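Residue numbers (numbering that gives the first Met the number 0), protein chains in the order written: chain H, 0 to 548; chain R, 0 to 98; chain B, 0 to 647; chain P, 0 to 522.
Everything labelled a hint here was simulated from the structure, so no lab data went into it.
Keep in mind that this is a model prediction, so the values were computed, not measured.
Some hints could be false.
[Unchecked claim] Restricting the straight-line Cα-Cα distance to at most 27 Å, the calculated cross-link-like pairs of lysine-lysine (DSSO-like) are:
(1) B:Lys161 - P:Lys460
(2) H:Lys205 - H:Lys153
(3) H:Lys52 - H:Lys386
(4) P:Lys511 - P:Lys295
(5) B:Lys161 - P:Lys390
(6) H:Lys85 - H:Lys153
(7) H:Lys85 - R:Lys97
[Claimed, not checked] Sample of chain R residues with no beta-carbon within 12 Å of chain B, all distances over it, derived:
(8) Pro2
(9) Tyr4
(10) Leu6
(11) Tyr7
(12) Leu8
(13) Ala26
(14) Met31
(15) Leu42
(16) Gln57
(17) Phe62
(18) Val65
(19) Val71
(20) Leu75
(21) Ala76
(22) Phe82
(23) Met96
[Stated by the list, open to error] Short derived list, chain H residues pointing at chain R, Cβ under 10 Å:
(24) Ala140
(25) Ser145
(26) Ser192
(27) Leu193
(28) Met333
(29) Trp335
Glycine residues also receive a C-beta, built at the ideal position from the N, C-alpha and C atoms.
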Amino acid sequence: MSAAAVHSLWTTAAEPISKIDAPKIEYGQLSPTLIVIGAAIVGVLVEAFVPRKSRYYAQVFVSAVALCAAFAAVVALAAGGYGTTKAHIAAMGAIAVDGPSLFLQGTILLAGLVGLFTFAERRLDPAAHGNRVDSFAAQAASVPGSDSEQAAVKAGFTTTEVFPLLLFAISGMLVFPSANDLLTLFVALEVFSLPLYLMCALARRKRLMSQEAAVKYFLLGAFASAFTLFGIAMLYGYAGSVSYATIAQVVDGTVTNVDPALANTMGNDALLLIGAAMVVMGLLFKVGAVPFHMWTPDVYQGAPTPVTGFMAAATKVAAFGALLRLLYVVLPGMRWDWRPVMWGVAIITMLGGAIVAITQTDIKRLLAYSSIAHAGFILAGVIATSKDGVSSVLFYLAAYSFVTIGAFAVVTLVRDAGGEATHLSKWAGLGRRSPLVAAVFAVFLLAFAGIPLTSGFAGKFAVFKAAAEGGAVPLVVIGVISSAIAAFFYIRVIVLMFFSEPSPEGPTVAVPSPLTMAAIGLGVAVTLVLGVAPQYFLNLASQAGVFVR
Amino acid sequence: MNPVYYLYLAALLFTIGATGVLIRRNAIVVFMCIELMLNACNLAFVVFSRMHGNLDGQIIAFFTMVVAAAEVVVGLAIIVSLFRTRHSASVDDASLMKL
Amino acid sequence: MENLIALLIAAPLLGAAVLLVGGRRLDAVGHWIGTLLSTTSFVFGVILFADLLGRNADDRTLMQHLFTWVPVAGFQADVTFRLDQLSMTFVLLITGVGSLIHLYSVGYMEHDERRRRFFGYLNLFLAAMLLLVLADNYLLLYVGWEGVGLASYLLIGFWQHKPSAATAAKKAFIVNRVGDMGLSIAIMLMFTTFGTFAFGPVLSHATDASEGRLTAIGLMLLLAACGKSAQVPLQSWLGDAMEGPTPVSALIHAATMVTAGVYLIVRSGAVFNAAPDAQLVVTVVGAVTLLFGAIVGCAKDDIKKALAGSTMSQIGYMVLAAGLGPIGYVFAIMHLVTHGFFKAGLFLGAGSVMHGMNDEVDMRRYGGLRKYMPVTFVTFGLGYLAIIGFPGLSGFFSKDKIIEAAFAKGGTEGWILGTCALLGAAITAFYMTRVMLMTFFGEERWRNQPTRSPEAPSAEPAAEHRGEHAEPHPHESPKVMTIPMIALAIGSVFAGGFFSIGDRFLHWLEPITGHSEGDSPLSAGAVTGATMVCLVIGVGIAYLQYGRRPVPAVAPRGSLLTRAARRDLLQDDFNHVVLVRGGEHLTRSLVYVDHTLVDGVVNGTAAGFGGLSGRLRRLQNGYARSYAVSMFGGAALLVAATLLMRAV
Amino acid sequence: MSFPLLTATAVLPAAGAVATAAVPAARRTAAKWLALLVSLATLVLAIVVMVRFDPGGARYQLTESHAWIADFGVRYELGVDGIAVALLALTALLIPFIILAGWHDADPLETGSKRWRPTQGFFALILAVEAMVIISFEATDVFLFYIFFEAMLIPMYFLIGGFGDRAHAQGEEAASTQRSYAAVKFLLYNLVGGLIMLAAVIGLYTVAGNFSLTEIAQARANGTLHMATSTERWLFLGFFFAFAVKAPLWPLHTWLPNAMQESTAPVAVLITAVVDKVGTFAMLRFCLQLFPEASKWATPTILVLALISIIYGALLAVGQRDIKRLVAYASISHFGFIILGIFAMTSQGQSGATLYMVNHGISTAALMLVAGFLISRRGSRLIADYGGVQKVAPVLAGTFLIGSLATLSLPGLAPFVSEFLVLVGTFTRYPAIGIIATFGIVLAALYTLVLYQRTMTGPVKPAVSAMPDLKARELVVVAPLIVLLIFLGVYPKPVTDIVNPAVNQTMSDVHKTDPKPAVEAAK
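This is chain H alone, in the form it adopts within the complex:
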């Protein structure tokens, strides 16, 4: 559909009120998002009406069902060809239903589901006063260490609100990569950010760090989104519209009806460039690219580990999805402006993440920096600006998200008196104490390091291949070097686990419930399958590699 014909949802109000034609919404195609949002609202109602004892089960049930249903809907849509032939822009130009969005939505939903499992885990912490407890604060409002907290714990309160929050976040993430105008983008950004801010503050142990993480994340996040918004304003000012298609046309100069005002602003490249830069910056903040990465280690460390895992996986997927769409759909016309810049960002991200990670002493921070380095690798794929680039990024994201959730799930298992034992020194000799857990974690680390026969290698190869074909050979070389550096600290952890003597007062490895086991098992399975026989998923990704315009 040509952009000129797009009557933006909002502009209808501008015409004299003779008749109001209701906006046309393709509910079927938006069903995944709608299901999740609906479930979230149901979750809120559950909080309101279901008795405390049974809330947990109700919430887990609702969320699980919702996510599965949403995933089923995605699969149905994809099967219905909406990913390829019938791909088009729904909701009067607000949402794009096409390959990338469906693939990413599917990934996000699966990641969400696995995340849900880790959220719902209640076997790890010793039962307080006969109540099973999960890794979230008994009562977020109560001051850490206060009597009220004691009371809450005694009463066996649990913060079941996390489940609706999770669903809200997921719903935002579902919209984010498929948003087709800047306003939707911004709203989606906030919709998935705000619940995450909250969830970061909800850790049961180490609550001070948790709250600190929340504050940092919130302030910096809000700061970033302010920039994004300003960027959006600039772009709007430049193109006179927030619709991707229109902006794209204006950028290309292929816009049909140019009124004088537009002609005036079109001439002003500063608007475009500043706007683009700022919007991109907002997205880079979310993916944790250097130099917008500094929130990552602190937040990853402070947030409850299940949240960290979910956040690390799903946020990256959503944010990269949005970034891809922005760069490929809105700004292909100014490729020659943003490619060099992104080159720089990718390089410093790859190197920065890898180098700083070398000297980390906390496993969660280590994984945070590793996630930064990986963001760099993915950016290399983004820069390829080719269909292969898109599909390689999609594949990488899918592979990466499962490894990440799995890895953080393993982190939740290694515990001592103070909760999770995240300091690396505690992990010494883990391979002796519980070889299985250590081996699984080693598999994840090797996948991060991109050793062949793991999904990490397939993904890295795909991305670098795309980049090289896109003519970014130096980028590939730097990527290779930094993954060599990165290998060093993954290896360090393995050395620690297997080759160093276990300390007598070392941590214990909790025996998780089937939920976490499922999360970890899925992680391992995906890691190996995508490592050994990635062809099917590569096909999927390459089919999904086309954006609708």
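Fit chains R, B and P to the known structure of chain H by using the hints.
Showing chains R, B and P alone in chain H's frame:
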């Protein structure tokens, strides 16, 4: 009056807000600065909306306000809980995690 | 008939395998097995010899092809044996003398608990040596060449618990390796020149190649010969090799192995004939060595070392002769054979003396032994007469011919070489007389001897369980030892005459080596006369110095030359300072370099990243506002960069 | 669709590894026997491959080809030429001995957690390495090769770091730190090499569009696939770097001494006799076939580096105080010879190099395993701690001597043939280099005999006075190797016959013919 001046004003407000974020310690004030930045954006939207003669910008401004309100809800919740824990709303005190 | 050739080698090889793998259960009979098998080989040799004699002169080359060894493209090495007059001569010498020495060792090694192994090594040596002389191509010869090196290594170091022995063995092997380098380079040169390294084609087409290449090949072969035959400059190992049991010195370091170099040169005659420069170098090396060895021989008080020096010098004669080309080849081999007899005899005699003297090797502690060990005295004496070239005995014929040939070379070279040879003859007479007198005549210096002087240590620790410091009771050796000595003595008396009368030996070898009479400036008679004069002078001086005057039990300080000669003319010192020390410094510094530089670079890089990481890490200072600053700066940069991109 | 023989040779040990790892902690001995049997079965398969392989036949035989990752242009393609068969046989041959030699190396010292089973792990890892090595010998798809070339680092890494040499002077604490240092060093060196190769592999894809060795080589040969000179050179360097690290070639060698020093003797053998061969093998198969022109362009430099390795390695071997380090530097010197032979670009050189890989594998195994037995008896790796062993343990000393003689490539033993072939092959094209390389044989004599003299001869040191001689198990390990050394020294024809055709192929790939003898050239 030349609409560009409004844009300058918007940019100025945005910069003031940003500077505030960088230099103020009190979390609440920092947060208010962010609100200021958002409002700067709003101003820009409205101005552009007038320049282009379509209402998108003005409507976006409303969306922004709603989002800002939501942010306030979440943000104050977090900041208040932090304050109750530490009896201080200084962002610099919250630096357990570093390096 | 050809098929017997392999058996020549197979017999001792089998012996070696059986004795070395067999283990302790063979200890009782091991030595007899060894002797039997070497004798078997000798018998085969005799049979083949008879067969050759039965054929007419130009049809005396037997070939036996066993299998293809290394086939790679143009590089074809076969395991093929060639038995012709030349190799036949060696086969008889090796197996004959070898068998006698086996027999001798049965007695000599009686008290050694590792006698079985000793015989295993001896058999191994025989096999390797036979392979050396029977090989039909240089690569196979190389196998034998290093095989004898190995055997000699094992036997020199037979008493491994003695550090000196172990060191000597190692030294011998490594010095030989230097020579082997020459051989392998020679083979490569042949391959690049002729596309093959089998005797047949190489020697028959030698003249097709450029003289430069042939000279190179010749020199490399000479290097090999120097290593194996202890010629200057690679002679240093022979003296130390005397650490080995005396039979070993007799067999390997006198009669057979050390002459392999001469064999190599004579065998490659065709190459040398076409490369006169190489030949000249060969003669020079020979001349130098024959003097060098002789001088060293004069100064040594250790009887075996004195004999070693003599060996060196005698081989010098052979190399000199071989260097003379067709004039000399036959005589080189002839002297080689006769030398095999008398030098082996002398060594066995020395062994017998030591056997009776608690393994004392210092001649200054001998004296007047003739009445205690008559057989030894007689056999040793005959060997002595033979080596100094007493008229009628072997040495007389063979050495005389060489001296003639040297003069016959013609021109100044001829004169110089000839003079050297004569001089050598004189010195030989001197030092051999010295040995003879100090050992068998004069007063009995071994009675009530003071505590032994440090510079003359006991050679053979077997002594330790034969009562070291008790006063010796000289006695004759058992039959098993004397019989071989007698046999060799007979050889050293008659071999020369038998060969020379009617030029038997000449006609026997000529088809292989070719022969030409040089035009000697002196008549044969003149040369013989000169030799006799030198002989008398040498003997005379020796008699005046050691016969008339009593021999001091402790060596006098002596002249500068004497002292140098005692230390092998300082050649070892040179090696030690230049090669050993230098090498040690080199390796030590390389180890340092490897650790600090090569390794350091890598570790440095790692450390560098670590430090960088530590520094960058500090940026993460935990303050939200500083994070905000970095974001703000980043945003500014992003915008600036984007604008910049459009600007340029 | 015939029986996938090549796949089987790799799958069998892989399955064996899994099975061995799964053996319950208490049943250690069962695990050992299982591993041994599996390795023997693999040997049988390898022999079948050798028999089925027809030297006169097609270049790659017993080929298998299945679709794998179409998006990356990757197929599961296996096939062996003579060179691969020889090395395949070597690997399959050595593993049983390695397992048998390491019989007690992984018996747990302390009884850790009940779930901790080092023994099972040790043997499982060895089998895993075998599987990966074998498949990388068989792979005719660059990507497939690369994957296992890289993946094999992981089990190797655990073998080095997890099961160190018990004989350690400074006690267990220092031991474990040095061990993990060695392991990390090994891994990082090879990983960096591998990653740089990864860049080249990707580059190759962008140029060629697929990874099939045969197709690319053919396309290169008949000119349908043209590479810019610079591109080819960069790609070549990327590949060669990885192989040079693995081989190892000076100056990328320093990981080897540490690794061999810290790991148990069998693992050290596994490293230098089996795993490192993949590097040299890959030079021969991939560098020369894929980038013939670049190979020729780089030849001078590589030859010089190889020459340095030969001399430098030998000199450092002379300077070592630690038996295993000495052997390691000796190996570096020998790898120099192998690489020299490969890049001499003559059939003697390359056949020699291939033969050298096999012989060096056997000889090093013999020497190193005996050294391991020696070390395990005395509990020290320092040469200075020994002396006079020959007196108390003659058989051990004898086998050690034979190992040493093989290492200095004494004629009559296998290494001589290959070394001489390499020298000749080099000499025919580069006389100077050939001659300098020949000095290596003198140095070899020096370091091996010095080692033998210091450890085995001289007066008996009190510490070794009670040293027992070789046990039956140890004899079973050493004797066959020695027999093999002698046999291949006397009759190497079986191997050369298999290797030669493949070498001729390679020679034609690089458009090289052996130089003519001077006499013929003159005519």
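Violated hints - listed by number, lowest first: Checked against the structure, the hints that fail are numbers 3, 6, 7, 13, 23, 28 and 29, while the rest are satisfied.
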